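> What follows is each chain in one-letter form.
Number of protein chains: 2
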Amino acid sequence: MNAIIGQSGGPTVVINQSLVGAVLEARRHGSIGRLYGARHGVEGMLRRDLVDLSRQSRPALERVAATPGAALGSVRKKPSEAECAEILKHLRALDIGYFFYIGGNDSAETAEIVGRLAAQAGHPVAVFHIPKTIDNDLRETDHCPGFGSAARFVALAFMGDDLDNRSLPGVKINVVMGRHAGFLTAASTLGRARADSGPHLVYVPERPFGIDRFVADVAGVVGRLGRCLVAVSEGIQDERGNPIAQAVMETARDAFGNVQLSGSGALGDALTQVLKTRLKGLRVRADTLGYLQRSFTGVVSPVDAREARQAGALAVRWAARGAAGGSVSLVRESGPRYRITFALTPLEKVARVTRSLPQEFLNAEGNDVTPAFAAYARPLIGPLPKLGFLEAPATPGG
Amino acid sequence: MNAIIGQSGGPTVVINQSLVGAVLEARRHGSIGRLYGARHGVEGMLRRDLVDLSRQSRPALERVAATPGAALGSVRKKPSEAECAEILKHLRALDIGYFFYIGGNDSAETAEIVGRLAAQAGHPVAVFHIPKTIDNDLRETDHCPGFGSAARFVALAFMGDDLDNRSLPGVKINVVMGRHAGFLTAASTLGRARADSGPHLVYVPERPFGIDRFVADVAGVVGRLGRCLVAVSEGIQDERGNPIAQAVMETARDAFGNVQLSGSGALGDALTQVLKTRLKGLRVRADTLGYLQRSFTGVVSPVDAREARQAGALAVRWAARGAAGGSVSLVRESGPRYRITFALTPLEKVARVTRSLPQEFLNAEGNDVTPAFAAYARPLIGPLPKLGFLEAPATPGG
Chain A
1 MNAIIGQSGG PTVVINQSLV GAVLEARRHG SIGRLYGARH GVEGMLRRDL VDLSRQSRPA
61 LERVAATPGA ALGSVRKKPS EAECAEILKH LRALDIGYFF YIGGNDSAET AEIVGRLAAQ
121 AGHPVAVFHI PKTIDNDLRE TDHCPGFGSA ARFVALAFMG DDLDNRSLPG VKINVVMGRH
181 AGFLTAASTL GRARADSGPH LVYVPERPFG IDRFVADVAG VVGRLGRCLV AVSEGIQDER
241 GNPIAQAVME TARDAFGNVQ LSGSGALGDA LTQVLKTRLK GLRVRADTLG YLQRSFTGVV
301 SPVDAREARQ AGALAVRWAA RGAAGGSVSL VRESGPRYRI TFALTPLEKV ARVTRSLPQE
361 FLNAEGNDVT PAFAAYARPL IGPLPKLGFL EAPATPGG
Chain B
399 MNAIIGQSGG PTVVINQSLV GAVLEARRHG SIGRLYGARH GVEGMLRRDL VDLSRQSRPA
459 LERVAATPGA ALGSVRKKPS EAECAEILKH LRALDIGYFF YIGGNDSAET AEIVGRLAAQ
519 AGHPVAVFHI PKTIDNDLRE TDHCPGFGSA ARFVALAFMG DDLDNRSLPG VKINVVMGRH
579 AGFLTAASTL GRARADSGPH LVYVPERPFG IDRFVADVAG VVGRLGRCLV AVSEGIQDER
639 GNPIAQAVME TARDAFGNVQ LSGSGALGDA LTQVLKTRLK GLRVRADTLG YLQRSFTGVV
699 SPVDAREARQ AGALAVRWAA RGAAGGSVSL VRESGPRYRI TFALTPLEKV ARVTRSLPQE
759 FLNAEGNDVT PAFAAYARPL IGPLPKLGFL EAPATPGG
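As they're listed, the protein sequences go chains A and B. One point on numbering: in the working numbering, the residue at position 305 of the first sequence is 305, and numbering is uninterrupted. One point on numbering: in the working numbering, the residue at position 162 of the second sequence is 560, and numbering is uninterrupted.
Since the hints were made in silico from the structure, they are not lab data. Values in this document were obtained by computation on a predicted structure and should not be read as measured data. Among the hints, a few may not be true.
Covered, in the sense of this in silico footprint (three residues per stretch, anywhere, with C-beta under 8 Å from a C-beta of chain A), are these stretches of chain B [to be verified]:
1) 460-471
2) 551-558
3) 628-641
4) 694-705
We treat Cβ as the ideally placed atom computed from N, Cα and C, and that holds for glycine.
Please take these sequences and the hints and turn them into a complete structure.
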């Protein structure tokens with residue numbers, strides 16, 4: 001039987017590691033014939049826009065693996081029933097018995113639907129979901145490939161921005177990706193070098209965001225340090241669960257029906273205006289870290305790259321060994337040393353649902369993370385640079 | 399005689415290299431006594447908020463050199479005449495004969511004023527300006543320390559964002575720092591890997607920006623490639639020289655009287671709205687690269703770090719050898735190999751004035767750079783990662 005693989009959803013800097021892991025592993029198994037790559041995920045399956053991945057050279061594949069973005073192209077699309085029927089027709093015609101889909105929970109759902117319809121149609125296809133998301137919001141897995149590298153980018157960005165904000169003190173707000181889950185925003189804390197290092201305040205979607213509380217929090221930090229660095233999830237919500245961003249920007253919806261929160265500076269700019277109005281005389285700036293978080297060339301967590309590669313390879317190995325399908329999940333072994341094993345989880349446990357930051361990672365005030373978060377996330381992002389500070393002895397003139 | 403050094407203006411990731419270069423060089427010259435560091439530039443000189451840099455250990459200084467931001471703190475301040483008199487009083491009391499100021503053209507002006515008033519007051523101080531700016535807009539120097547690393551960040555950001563935009567095709571606008579000079583925006587082109595790599599359009603302050611032309615340019619690229627990545631300077635202006643951003647955001651002015659263009663997503667969001675309105679049905683997103691361009695930890699051009707260190711060291715060496723003062727400038731030797739020597743330029747040639755992208759770096763259409771720009775800028779940013787692409791043979795299914 002032949003196999004097909006696609007990439008779906010927002011790309012990451014290691015999503016091609018999973019692709020290349022799968023491609024190289026497929027070559028080791030006689031039970032897998034040709035491996036087709038679908039261009040732009042299910043879109044390519046629908047239009048038979050395919051590449052033959054069996055022919056790519058190993059050195060070329062290794063360069064692809066180290067390259068950000070989805071080398072096959074990606075897509076945000078949940079196929080309709082009619083489209084699924086069309087896809088199944090092509091899968092049958094190409095004698096495809098294995099379907100590998102690299103993506104998040106929406107992609108897991110698409111994979112599950114295709115697998116179910118194929119079984120119903122009497123042409124069973126073993127469907128494997130290879131997890132990928134910078135949001136880290138998939139269930140049943142300790143963490144998601146893609147998160148560690150994005151978290152590394154966010155940590156490095158906040159380390160530098162805190163130093164910038166020390167140099168020219170003021171209030172700085174950085175808006176971080178994360179629609180429902182605050183993992184990536186929480187990662188802004190991982191590079192704190194000193195007790196007075198930012199971010200000094202961290203707001204995530206898991207805790208209701210109140211403007212009055214926000215203003216008071218910032219005023220408190222400025223009173224203490226003369227400056228304040230704030231990390232805010234793009235998906236922060238009020239007490240009733242309404243996104244704060246929704247009120248301040250024209251809402252557009254992506255193809256899955258989600259509100260578009262990225263690709264706009266509106267939330268950061270609105271929070272800046274609030275602070276300038278309520279706390280007069282402050283220098284306030286906002287940046288929205290944006291797509292760089294998932295695409296910046298050269299900032300990769302080595303452990304994330306390795307795990308992404310393994311997840312892709314294992315999906316194929318399990319398929320070749322006759323597994324019926326499922327989602328690859330990462331299991332953290334207990335013990336002082338970071339160690340991961342992999343398991344196969346039923347697709348329906350991963351599709352549609354999302355995971356949030358657990359309570360024990362959030363402080364009581366709802367404006368910072370706890371040491372338990374650092375213990376969880378620190379091994380995922382790789383070593384951070386050590387920062388240097390001038391020791392400042394008082395001088396005769398000082 | 400003792401010496402004093404300060405950092406001024408927007409920090410960079412290599413401004414501490416210049417500081418440490420100066421500190422270590424000062425220790426080699428008996429003619430220089432104590433070296434004071436002024437906290438937050440002239441602000442620290444005014445308030446006698448100083449640190450004794452003679453006492454910092456070499457390993458601690460090396461860690462500082464590799465750390466982004468201004469280790470002494472920075473400031474945006476042009477001292478008044480009364481404040482200059484106060485500063486001179488302190489310089490006299492501390493027996494200071496050398497004044498080193500790391501910064502841009504505003505900082506060169508401050509240094510020049512202090513030097514002039516000191517001479518008039520009969521207490522001559524040798525004043526040295528050590529160039530620093532990510533904008534690369536200083537006159538009399540081939541380029542500025544700080545530019546190469548910021549340009550490297552911008553090039554890496556666009557490399558990744560182009561791959562992201564290939565994965566999920568659409569129109570993406572990235573707003574790059576640069577108030578009057580488009581050097582940093584032009585650097586977005588340095589990582590183009592293929593003929594169809596973005597940015598596909600580049601708009602800089604040196605060429606008038608017209609909305610109609612912009613819309614037509616984007617429509618043309620989308621028609622050709624199905625996607626478009628755009629680099630826009632924050633300082634783009636209309637035909638009459640009015641900043642485009644000014645019309646779309648509430649204007650605030652910084653301490654030098656400049657319009658605040660950074661720290662807001664408004665320009666990118668406004669251009670997004672224009673495209674969504676005029677070119678219906680397009681997926682359009684905007685990011686403003688923001689302060690990460692000058693502060694991101696770990697993205698440093700090696701040649702930039704080395705030159706920043708040398709510029710600081712040479713200012714001190716020339717001072718110790720009796721030079722009257724000036725601004726350190728970098729001179730590029732002609733020939734096929736990149737080679738820089740350093741010279742001392744009169745301060746008044748650098749203060750107040752700025753430099754723009756020369757005409758030969760801009761294409762006739764005013765929406766891209768020329769190969770001459772790449773020849774100029776490529777040696778400044780260090781080697782870029784090689785990207786990999788899937789070769790895509792047509793398949794039987796394709």
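> The structure should be examined with respect to each hint, and the outcome stated for every one.
Here is what the structure says about each hint:
{"no.": "1", "hint": "460-471", "verdict": "holds (count 12)"}
{"no.": "2", "hint": "551-558", "verdict": "holds (count 4)"}
{"no.": "3", "hint": "628-641", "verdict": "violated (count 0)"}
{"no.": "4", "hint": "694-705", "verdict": "holds (count 4)"}
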